[in-house]
Amino acid sequence: MTDKIVEKVAVQSDESRNQGRRAFLKGSAAVAGGVLFTKAASAAEGAKYDPAKAVAPYAGKEEMTDVLDVQAARKSLGFGVRKYPYGMPSPYEKEVQRRTLEWLTPDSMASITMTPLQSLHGIITPNGLHFERFHGGVPTIDPDKHRLVIHGLVERPLIFTMDDLKRFPSISRIHFVECPANGAMEWKGGSVELCSVDTRYDVLCGIHGCAFI
1 MTDKIVEKVA
11 VQSDESRNQG
21 RRAFLKGSAA
31 VAGGVLFTKA
41 ASAAEGAKYD
51 PAKAVAPYAG
61 KEEMTDVLDV
71 QAARKSLGFG
81 VRKYPYGMPS
91 PYEKEVQRRT
101 LEWLTPDSMA
111 SITMTPLQSL
121 HGIITPNGLH
131 FERFHGGVPT
141 IDPDKHRLVI
151 HGLVERPLIF
161 TMDDLKRFPS
171 ISRIHFVECP
181 ANGAMEWKGG
191 SVELCSVDTR
201 YDVLCGIHGC
211 AFI
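The UniProt record's numbering applies: residue 1 is where the sequence shown begins, and numbers increase by one.
Hints were generated in silico from the structure; no laboratory data involved.
Careful, some of the hints might be misleading.
Unchecked claim - Keeping only pairs whose Cα atoms sit at most 30 Å apart, straight-line, the calculated DSS-like set for lysine-lysine is: (1) K145 x K166; (2) K83 x K94; (3) K166 x K75; (4) K94 x K75.
Could you build the full structure based on these sequences and the hints that come with them?
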């Protein structure tokens with residue numbers, strides 16, 4: 001019985017070695033073929049390569065001089081660093097603005113503003129471009145008079161001022177927040193209004209951030 005087992009193991013070992021040898025030879029042939037193909041392709045490309053044509057779009061002293069020359073913006077002083085204490089968007093970003101739909105609501109006091117997703121980079125929405133939904137215009141709240149009240153089905157009702165809230169530890173996290181008003185763009189006066197393709201693109205502009213009041 002032992003001799004048969006040893007013989008069977010020996011046969012399997014020989015088969016494994018043969019299979020391994022065949023796999024190695026096939027792999028070597030494939031690698032060699034790939035190297036030959038690469039060299040042949042490189043040689044073909046080399047025959048077509050023209051250095052003059054390769055640098056033609058970038059050649060020329062005049063073009064290079066124009067780019068490297070001192071531009072007008074560097075020949076005069078800009079505005080002082082104290083002009084905008086809070087900071088302002090670049091004038092070249094004037095097209096990056098929130099959008100509205102005039103037909104959605106009777107006036108701008110109870111309406112929405114939509115985030116221009118197509119103009120943003122990354123997943124963080126700047127504060128000035130958050131999707132907004134207001135029912136009575138944008139409120140102006142004095143932080144000193146603002147109160148956060150926790151009451152109702154609680155054991156201990158609490159009232160917090162802004163100073164109280166600022167004393168708590170601060171934690172920064174990234175969250176996706178979608179305003180419930182984001183689904184209202186396809187409704188008007190309680191009935192469904194079929195939107196055009198362009199309008200549906202506008203609808204998508206609302207899902208990047210939210211300020212709901």
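Taking the hints in turn, this is what the structure says about them:
For the proposed pair K145 and K166, the alpha carbon gap of about 15 Å is at most 30 Å, so the pair holds. A hinted pair counts as satisfied when its Cα atoms are at most 30 Å apart, and K83 with K94 qualifies at roughly 18 Å. For the hint linking K166 to K75, the alpha-carbon distance of about 46 Å lies beyond 30 Å, and the restraint is violated. In summary, the hint linking K94 to K75 is supported, as the alpha carbons are separated by about 24 Å, within the 30 Å threshold.
Checked against the numbered hints given earlier, this structure breaks only hint 3.
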